[in-house]
Each structure stands twice: as structure tokens, then as C-alpha cells.
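J.: Sequence:
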Amino acid sequence: MKKTEEFFLINKQRNRVKRFRKFENISNKENDFIEIEYGCIYKSSSKPIYKGSRIESIEDARKEYKSLLKEGWKKTNIFRSYF
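All the letters of the sequence shown, read from the start, carry residue numbers 0 to 82 under numbering that gives the first Met the number 0.
Hint data in this document are derived by calculation from the structure and do not stem from the laboratory.
On a predicted model such as this, the values are computed, not experimentally measured, just so you know.
It is possible that some hints are incorrect.
[Claimed, not checked] Taking CB as the label site, the calculated pair distances span:
#	residue 1	residue 2	range
1	Ser-45	Asn-24	28 to 36 Å
2	Glu-5	Lys-62	16 to 24 Å
3	Gly-71	Ile-25	20 to 28 Å
[As the list claims (entries may be wrong)] Restricting the straight-line Cα-Cα distance to at most 27 Å, the calculated cross-link-like pairs of lysine-lysine (DSSO-like) are:
#	residue 1	residue 2
4	Lys-65	Lys-11
5	Lys-69	Lys-17
6	Lys-73	Lys-62
7	Lys-69	Lys-50
8	Lys-69	Lys-46
9	Lys-50	Lys-21
10	Lys-42	Lys-74
11	Lys-69	Lys-42
Using N, Cα and C, we set each Cβ at its ideal position, and we do this for glycine too.
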């Protein structure tokens, strides 16, 4: 099993986090999809509470990622072990 690269963003208030990673669809040869998982952080010292996920095309996921960066979200890796 290969390790999937993933990217985390956290909002300005540090109370929401999103994870972007490649979606591996075994039944479809075309794997041009990204899974976007999102969660909330209630205390700065705690792990995020997982709220849900959705599957987007790579192009739509890139647009959302860029849009979030423009809104002030920041890249982070501190939640890598929690998801």
C-alpha cells in the first residue's frame, strides 16, 4: 500500500480544518478525484472532530484549495496523525 500525499488547511480562527488527498477508486480506472475531509477544532490542544467528506474532481478541488488560501486559510501538518 502506497502512502497517499495529503494537504491540510486551517482557517484564520483555527477552529476548522480541511484535508485534501487523492481518492483511490478501485472500480474506476480514471482516478482523477480528490477527497476533501473537514472537521472542527473546539480546543487548541485537542484533535479535530471529524464532520464529513466529499469527493471532487481534481480541478474543482484545486479551485477550492486556492480559494481557501486567498481567504486566509494556512497550510498545516499538525493534524496529520489525527485523521
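J.: Confirm or reject each hint.
T.: Each hint, compared with the structure:
| no. | hint | result |
| --- | --- | --- |
| 1 | Ser-45 to Asn-24: 28 to 36 Å | holds, 32 Å |
| 2 | Glu-5 to Lys-62: 16 to 24 Å | holds, 18 Å |
| 3 | Gly-71 to Ile-25: 20 to 28 Å | violated, 37 Å |
| 4 | Lys-65 to Lys-11 | holds, 15 Å |
| 5 | Lys-69 to Lys-17 | holds, 15 Å |
| 6 | Lys-73 to Lys-62 | holds, 15 Å |
| 7 | Lys-69 to Lys-50 | holds, 23 Å |
| 8 | Lys-69 to Lys-46 | holds, 25 Å |
| 9 | Lys-50 to Lys-21 | holds, 19 Å |
| 10 | Lys-42 to Lys-74 | holds, 19 Å |
| 11 | Lys-69 to Lys-42 | holds, 25 Å |
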